[in-house]
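J.: So the chains spell out like this:
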Amino acid sequence: MDEEQWSMFMKELRGPGEEEEPELRKGFSLDLWGRLSESGLFASLSDMGRDGGAGLKTAVRRVRELGRTSPDRGLTFSAVTQLASTVYCLRGFASKELQERYLPAAEAGTAIGGHAITEAAAGSDVMNMATTATLRGDTYVLDGTKRFITNAPVASTLVVYAKTVEDGEEKGLSAFLVETAWPGVDTSRAMPTAGLRSSPIGEVLLEEVEVPTSHRIGYSGAGLLILDQVMKREILLAFAGNIGEMERLVQRSVDHVNEREQFGTSIGSNQLVANRIVESQIAIELGGALIESIADRIDGFDEMTIPIAAAKIFISEANVASVLNAIQVHGGNGYLETSPLPIDLMDALPGAIYSGSNDLLRTKIATMLGIVN
Amino acid sequence: MHVVGGGSGGWSLRSDRILEARDEEPAASTGPGFGVYRALKSPRLIGECVSLLDRGGVAALVPASAADGYFDQVVRQVAHFAESRDTAGDTAAGGILALPTSGSTGSPKLVAIPAEGIVRFMEWGKRYFGFDASTVSLSLSPWNFDVSLLDTWAVLAAGGTVVAADAARLQDTDYLRRLVFEHRPTFLQTVPSTLDALVKAIAEDDVQESVTGLVLTGGVAAQVTRGAAARRFPSAVFYNVYGATEVNDCSIQELSAREFAEADTLPLGEPITGCDIVLGLPEGGHVPVDHAGDAEGEVLVRTPWMALGYLMDGALHPLPAVEVEGHRTLYPMKDRVSCTAGRLTYLGRRDRTVKIRGQRIDLDEIEQAARRTGLAGMACAWIGEEGSDAELHLAYTTAEHAPRPASGLQVRMQLSRLLPSFAMPNRLHLFDRPFPLNGNGKPDLPMIKKQTEGK
Amino acid sequence: MSTINEVKDYITEKFAKDISSEDLPSDIDLNATGILTSVSTVQLLGWCGRTYRIPINSIPIDPDVLKTPEGIAKFIDSHRVGADK
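Residue numbers (the working numbering), protein chains in the order written: chain A, 1419 to 1791; chain B, 421 to 875; chain C, 455 to 539.
Next up, chain A with everything else stripped away, as it sits in the complex:
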């Protein structure tokens, strides 16, 4: 694995000054994506093999570093989606043929991917999805509409999760590798989110899309099992990125409170001001340690549902708190349009919503603890 390439890219990213940041984040930058791809990030899982291990931990480390180094949270988010939805999913569950065909471009970053799960009536209630994949001969015909699909507007491939219908019977969910250029696939409708604006997100319309059976990932009806595993990795990576982002903010805040003076001294001398940064660092320690622990155990045999849910809840909420603290610490300057902090806030907010709503995850933990409702 090429650590050198990665280090070089990190060095590059440390380049642009503070003033340039907000511009970077207004829309998806193909150029930036290209440079990220060349760094080898998307090939981080390549020594995952069939036994898990080092590849995922490398990816986690790199995504955290990306969050710490890059001012562009949307880019990190899209990158995590590429890794979890497509690279991990193909490596973990797809046939050799499918891997040979699609992994090279996915790992080179030249083909952008995402996964189409959510629908208007199926967010947390994923089983309520209405998109169907009906088997006709040796082709599945996919019909339905997905929304809030990260990367969809720029994706070449999508892993689509749909209700499998074979011989008139519903067989549960299955996962399908779909190329967005195929007839019947429409990814033109981008959704105007309030934050993460440099991460393209949109609707996916599937109208009588013909998918050969070779493109079904895993067995028929195995979609929920695959999704469960994929989402665990997505959470691990996404919230590792969040930790990195929090670390970036702490660094920036430390610099600021040392420079800014009021009442004849640096504002960092004020215990309460310093404490805001300390709180963020405490959360980084806790969240970071949990992420490391999960990365160590996730390919093993431990029950991971509670630690993963706990990490997600804790880090997403700490992420928002840390931005609020940073704004507080930066005072009026943190409230300007030219400051990256308000954008960071809008970028941090959806963490409590995507990959499982925090409210429902808390309920899930309660259920797993055996608390009767």
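Honestly, the hints are just simulated from the structure, not real lab data.
Each hint can be trusted.
Derived DSSO-like pairs (lysine-lysine); straight-line CA-CA distance at most 30 Å: (1) C:471 <-> A:1782; (2) B:775 <-> B:862; (3) C:471 <-> B:870; (4) B:869 <-> C:471; (5) B:775 <-> C:468; (6) B:775 <-> B:529; (7) B:754 <-> B:775; (8) B:529 <-> B:862; (9) B:546 <-> B:754; (10) A:1782 <-> B:775; (11) B:862 <-> C:471; (12) C:521 <-> A:1514; (13) C:468 <-> B:869; (14) A:1475 <-> A:1429; (15) A:1514 <-> C:528; (16) A:1475 <-> A:1514; (17) B:869 <-> A:1782; (18) B:870 <-> C:468; (19) C:468 <-> A:1782; (20) C:521 <-> B:775; (21) C:521 <-> B:529; (22) C:521 <-> A:1782; (23) A:1782 <-> B:870; (24) C:468 <-> C:521; (25) B:775 <-> B:869; (26) A:1475 <-> A:1782; (27) B:775 <-> C:471.
Position chains B and C relative to chain A; hints supplied.
T.: Relative to the frame of chain A, chains B and C by itself:
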């Protein structure tokens, strides 16, 4: 051809008075004492059904476009049922017309309508609407819908003419227009979707004076559509009719063109002669509609042409029934209505359809299935926990006369033959004593849930 | 205790308390009888992974295999760490 009803005399239905019909053999599967037909509008179809009913047999009508798998399932069921009737000597009781109804549990569910009831219904239709040899009825709905008993069977029995519109072509406005202008119908029965199609097919100023009676049934039609219809059929008297496949029609409201066009919602009207309509009050108790004053409640009905029950798994199963003192067994319509001076207005549906893991299931049907296994006396179903991790619970009491309580395993095995996997209860709770009851004499669900959690 | 008995113990304890482990037939269709749903199959798989040290996230899994207690036991026995492949 005759339809002989016990004691009511014979009726002849002349197939030469069916116009625009498809001149094909109805796709069918027949055997001793039964016939299952795809309901394409061919004149021979009615004839075959009638002669089968005459002989005391079972005639089942299946949607013309039904999947082969569905058709075959119906054939198996009807054949089995016909054989058991024959063995039991039930054919003397008269023929049975079986029409499909929707069930959410996967396998075909047919409503079994006795020939005797059909005869009474046709008599009512003729009297009420004045059907005679000059009547021209445009039959818009498929013949596997019970509404055809009025717009086709009753009209033919009275010597009238039926224009058999191809239900699959109603969106073809040229076709529909031609039927109307060429045949100049005097009677139209519509459901909201066919009323819509009619209004689309006929231009605003192309009035049809020939129509003297227009019935709307089977749901709520938008006011805009009703207004458009009233303008196109200026000589018509309008009727809103309320019913269900299980009971056919039970109430009717006659309306002027103005009322039909302008009312926000059409009243369901008053009970049809011979029909008994009772309101089940929310606080408990029942009151017949003609004594109700101002009230709101659930509709329970009995009609002279009520179905005998459902044909499922090859056997006849009784309709859900409610016993109210002073009345013969009533059928719960699962609708809520308000009543003023004997006149009913529709308020909304009352059913227990829920979604679990993305699939719709009907809790009432699951409870019925549990009882049908013969292993449960009373059964109560509910969904526990929200969202994707929802579970379907079933509490049940031991069946009467059972030597010992049925085990959860037995119940699950038997139920799995009646229900698709997504509708199967996940948690079973055996009650070794009768269910606690609420004020209405119905199982007290909250109490039952509490008691099962306590275990 | 044999694998299949452990499987039956787990299933009846977790999903069907109304059935005793000994009474659960080895070939009962767990989906058709509502004992295992698509969602609870995920839970079952997690248990298999933890209890028998099976790397469930990196082997292809055919849900049909998990339909009966004997199918589950076979799956476990053929994938558990230390199994002869």
